[in-house]
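Work out the full structure: start from the sequences and follow the hints.
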Amino acid sequence: MSVDAETDNELEENYYTFLNLPRDATGEQINAAYRKLSRIYHPDKHVDVESKQKAEQLFNRTKRAYEVLSDPHKRAIYDCVGQKGLQTVGWELVHRTKTPAEIREEYERLAQAAEERKLQQRTNPRGNITVNVNATEIFTPYDETQLPRIEVSSMSISQSIEAPINRKDTLTLGGNLYSSNGNGNGNFILCGRRLVNKGWLQIDVGAGNGPLLGFKGGRTLSSVVTVNGGTSMNFRDGRVIPAVFSALAVQLDKHTMGSLTLNVSNQSSMTTQIDSSTEKHAWTTSFVIGFPHIYLSAAYTRKMIENELKLKLAAKLGTFGFLAEYGAEKKISKYSSVFAAVSLGIPSGVMLKFKIVRSNQSYIFPIHLSEEIVPAAVFYATVTPVLMWFFIKKSILDPMRLDQKNADIEKAKRSNEQRLTRQRQEARSAIELMQHTYERIVSEESSRGGLIITSATYGQPEESSSNFQNNASVDVTIPLQCLVKDGTLILYQSSKSELPGFYDPCIGEDKILKIEYMFRNQNNVVIFKDMDSVRLPLSSNN
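Under this note's numbering, the first residue of the sequence shown is numbered 1481, with each subsequent residue one higher.
In short, the hints are calculated from the structure, not lab data.
Some hints here could point you the wrong way.
Pairwise CB distance ranges (calculated) [said to hold, decoys possible]: (1) 1512 to 2010: 34 to 40 Å; (2) 1529 to 1934: 32 to 38 Å; (3) 2013 to 1912: 33 to 39 Å; (4) 1713 to 1878: 53 to 59 Å; (5) 1634 to 1878: 47 to 53 Å; (6) 1637 to 1754: 32 to 38 Å.
Below, simulated EDC-like cross-link-like pairs (lysine to aspartate or glutamate); rule was C-alpha separation at most 20 Å, straight line [to be verified]: (7) 1994 to 1955; (8) 1516 to 1906; (9) 2009 to 1955; (10) 1814 to 1788; (11) 1543 to 1623; (12) 1994 to 2012; (13) 1532 to 1851; (14) 1874 to 1925; (15) 1833 to 1852; (16) 1790 to 1759; (17) 1783 to 1809; (18) 1554 to 1623; (19) 1516 to 1919; (20) 1835 to 1508; (21) 1833 to 1805; (22) 1814 to 1888; (23) 1965 to 1996; (24) 1790 to 1755; (25) 1783 to 1759; (26) 1792 to 1759; (27) 1965 to 1925; (28) 1760 to 1717.
By construction, the Cβ of each residue, glycine as well, lies at the ideal position given by its N, Cα and C atoms.
Here you go:
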């Protein structure tokens, strides 16, 4: 469970139980149940103001259950992922004949999109900070009589702020600062983007190393083909430095995307790239022909979802030399992750990279350990992140998770207590509003020797509570009698706490439904477990 994870312990309404319907109820059964409760709870059926207010609350709940179960699309979503699925934005765009598995997959996608929108609202501006550390004297000391020097060789900071103007137009202001060996520079850029039919257009205006003016755009040509392109002009040193780029992306299959990118500038290149990603694996290959280098690169990621861990391998070979990298990324909360990798190369040597991501902010620390591939540097670069992770996990992250888990449980308890208070009030209101219906059904059943509920209690078993008739149970005689139809009482396999006139008097405890009834002038007593289906009278009474 992640640190920022929201609790899933909050109670949800069971629309089927509230309408006293089986999970495979037909449309006719749903309509009949709705009409039956509407006759009891419709505000127009009551005269005084207080009764109308109570009836309105229960009628709204009845109508809400009916609206979901009578709509095949909403019902399919509710059956698969519950109320939280219905509260997720975007279902109106989903084809209505999806299977349960596809609905669950779509819910996960929509929920993730909602989280990303929420995240973007919370965490703007975006940016990253990169601090390059030179620690090569640790393994190849310049002067063995002195302690090795560890120094910051360069630093860069970039930030951007996104400001939506309306649904189609967005302004983005960004900038960066860079410093290396006592020299520095910086720039800023203002981007205006507009969404157009099946595409977008963007204008860039910037300054820093001379004024900059750029135009970009993109368009979706079909369900599998997208093109992007643009040009820019950098006015520097009394001349204009132009640049042009274009990109073509093609969806090769469900999991694979291919792209071809052309850049024409003072460092021109042409890149061919293929990306593939599945639930457990991802890989990328690219071939770059450019100036000053030509190279081939490949990267593979193994996703261990249950451990919220990704293992990564990468290699690059070209005219610059050779580079190999291995590392791991661990998610530590909903919005945060840490990444560590060891890079081995010729002529770059050994480098240890740390990256901390919090929302849309990244903090990157490349530490150059040696200019050659030294075994000691490789060993310590590999072992150090592992030891650091276990220390941080035990001393910081585990206590944070425990605190968050306890806070989530307390939050769920408070939420459930509020809901239970509301349920108790609704149950009392429902019983008051049922009085006329109760008297009518009792009269009808008495006249023909039918089913009369003389006493019914719902709650803890007597052996579990010395005070069964007090707070550990609730009297449900009137609600059960109102569910009798033509001498028969049927309750379906689910917790009875969601039935009208019921509530859960002992959350988390085992509950029973004890019924004393009369049928054909014979008294009977039966006890059912909470999740049992109920059918009265018993066959032995007939």
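_Tell me the hint numbers this structure goes against, listed in increasing order._
1, 3, 5, 11, 13, 14, 18, 20, 28
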